[in-house]
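Line order of the protein sequences matches chains A and B.
Under our numbering, residues 1 to 327 are what the first sequence spells out, in order.
Under our numbering, residues 1001 to 1310 are what the second sequence spells out, in order.
Bear in mind the hints are in silico, worked out from the structure with no lab data behind them.
Watch out, some of these pointers could steer you wrong.
Residues on chain B that point at chain A, a partial pick, calculated with CB under 8 Å [to be verified]:
1. R1024
2. M1038
3. G1169
4. G1255
Every beta carbon over 10 Å from chain B, so not counted as near; a handful from chain A, in silico [to be verified]:
5. V38
6. D189
7. P192
8. T244
9. G322
Residues from chain B that face chain A, not an exhaustive set, calculated with beta carbons under 10 Å [unchecked claim]:
10. L1108
11. R1146
12. Y1260
13. S1273
These numbers were taken from a predicted model, which means no experiment stands behind them.
Don't be surprised by glycine CBs; every beta carbon is placed ideally from N, CA and C.
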Amino acid sequence: MSPRLLAWSGAAVVLIATVLEFSQLFVDWPFPFWLWVVAMVVGLALLWVGLNRLHIGMGARAVAAALAFLVIMVIFLPFAVVIVLGSLQRPVDLLSGPHALPPDPTLDQFGRLFRIAYWSEGLRNSLIVSTTAAVICTLLALLGAYAIASLRFPGRRAVYTSVMLIYMLPGIALLVPLVAIFRGLGMIDTLPGMVLGHMALILPLVTWLLVSAFEGVQPELEQAARIDGAGRFDALRRVVIPLTVPSIATTAVFAFVLSWNELLVSRVLSISSTPMLAPSIVNLMDPINRVEPQLSAAGLIASLPVLVLALVMQRYLIRGIGEGAVI
Amino acid sequence: MTARTTAANRGSWFSRLPIRAENRAYAGLFLGPTFLLMAALILYPLVFSVFLTVTGPSPTPGERRLVGLDNWARLGNDPLFMQSLTQTVMYVVPACILAVAIGLAVALVLNQEFPGRLLVRASLLIPWALPPVVVAAMFQWFLDGRRGLLSPWLVQLGVVDQAPSFFSGVPGTLFTLVGIHVWKTFPLIALIFLVSLQYLPRETVHAAQIDGAGPWRRFRYVAFPFLLPTIGVALIIQLLLTIQLFDLIFALTGGGPGAYSTYNLYFYAFKTSFEHTNLSYGAVLAYVVTVIAIVFGLILTRGGRSLRLS
C-alpha cells in the first residue's frame, strides 16, 4: 500500500468517525462511543505511519496537531458554552432544556447584574484593592529584593531562606492569626484592612520573584556603573531596573492575578461593607436565588481582566510558570 | 582631583564608608520597608498564632486563658481531623497522578512542530488565569444534572447510558472536585514540562532516531530519564496546590454532601476558625497544613536545584 494512500485513508477514518460521532448532538442515531475511540486510534495510527514514510517527522506533526485540537476543545469548550454563550441566555431558556446556543441571545443579564449592589461594589473594591496591593508590594519589594540579590551583608543567607519559607506558607496559616489581630485593631471590613490582607498574601511571592529576577542581572554591569560613580540607589535605578522591566511587570501581573482571584482573604476580612469580587460570585451561586445566565455574565466580567493580562503578557507568564516559580 | 574622590562626590553619602559598612548600611536601608511589612503582616501573625494555639477563650471578654497544649492534644481524638486528613490524601493522590500524566502528555504533544502550536500553548494560560470561583460557577452549570450540558451530551454521544450525577455521590463528589481541579491545574504542569523539554539536547534525540529508535523508545530511553527530576518537581507542585484546595470546595459543595464528605484539612481549618470561630483549634489545624506544605516545599527546592543542574 502506498504511503500516500495510507495517510489519506487514516485522515478519512478520523474525519468520518468524528463527524458521525458528533453529529449525534444534532441527529439522534446510534453510533457507539467506543467505535469512535477505536476509529480515532486506528485512523491516527494510519496517518502517522503513512506520513512518516512520506517524510520523516510529518506523522508526529499531524498526530500532534490532532491531539492539540483535543486539548483546545477541553480548555475552550466549557468556557465558551457556559460562560460566554450562557451569559447571553434568558432565564426562561433554562426551562426548555439545556442549550449550547442561546435561542434568543440578549445582553439583559449584564444590566441586571449591575443592579445588584454587592456585585458592582465588589467589582469596584476588587479593582482598587488588587491594583493597590500589587503596585505597593512591587514597589516596596524592589528595594528589598535588590538588597537580597546583590548586596553582601551579614545574615543575607538567613533572609534569603526565610523569604523562601514564607513564600511556601499556606494562606490559612497567615489568615487565622491575621483575623485575630485585625479584629483587635478594628480593621475587619475596612478597605485599608483588605489591602493589607492582600499584601500579606502577595508580598512573599513578589519578593521571591524579584530576587530571582535581580539575581539574573550580571554583576559586572552594576559594578561598571559603580566604578563610574553611581551609588547603590543609582545602580538600582539606572542599571538593574531598566534591565529587568519585563520581569518586574510580570511580577506585578502575577501579584494582581493572585489578589484578583483570591477568595479566602476577601471573604474572611469582609463582613458587609467591603464586598469583594470572588465572594460575591459565590453569593450569586447560592442555590435559592441562582440565575445561571446572570452568574455566567458575572463570570465573564470577572475573567476579563485576568484573561487580557494573560494574553498580553503570555510570553513572560509562560516562562515564569514553566520554571516553577509561580504555582 | 582623583577619580576616587569624584566618584565619592557623585555617589551618595554612603559611598564614603568602607565597602563592607557601605553594603550593610544600604542593606538596612533597602530591606527596611520590605522587612517592616513582612514583620507586621507575616512574622508577627505567625508568632501570634503560636499564642493562639496555647490559649482558649476566657470568661472575661477580650482576654484569652492559657490552656497549654490542650488544643494540640485535641488532634489525637478528633474523628473529623482524621477524616479530613484521609480525604486530603484522596484529593492529592488522583489529582497528582492525573495532572502530571495529562500535563506530560500535553507537553510532549506541544513539543512537536505543527501549525497552531503557539496558539495551544497560549491557551494553556486560560485555566490557570481564570478565578477559581468562576471555574466553580462554570462547572456547576456545565455538570448540573438537569440544566447542564455535559450530561445530555454524554448520553447523546453514547459515552454513558444514563445521565451521571456529579454533585450528589459520596465519595463521587470529591472526585468531581478532583476533576475540576485537574482541569484548572494541568496546564501549569504542562508548561513546567514544556520549559524543561526545551533543555532536552536535540543531538541526543537525533542520535537515537538515527540508531533506529521509534517514538516510544525515544521517549522511554531519552526523554523520560531526562524528565525524571521534573516529574518529581511537578508531583510536589501539584501536591502543594492540592493540599491548599479551598475555593472549589467552598463554592461548590460547602464540605458536603453527607457528613463532611468533601472536607480536606485546609477546609476544616477554615470552618473551625471562621465559621465555628474557634481560632485556637483552627490555628492548630492550619499548622498541620503548614508543616506538610513546608516539608514538601523544602524537598521541592532540593529537587529544583538538581533540576537546574541537569
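### Query
Which of the numbered hints above does this structure break?
Violated hints (numbers, rising): 3, 4, 9 and 12; every other hint is consistent with the structure.
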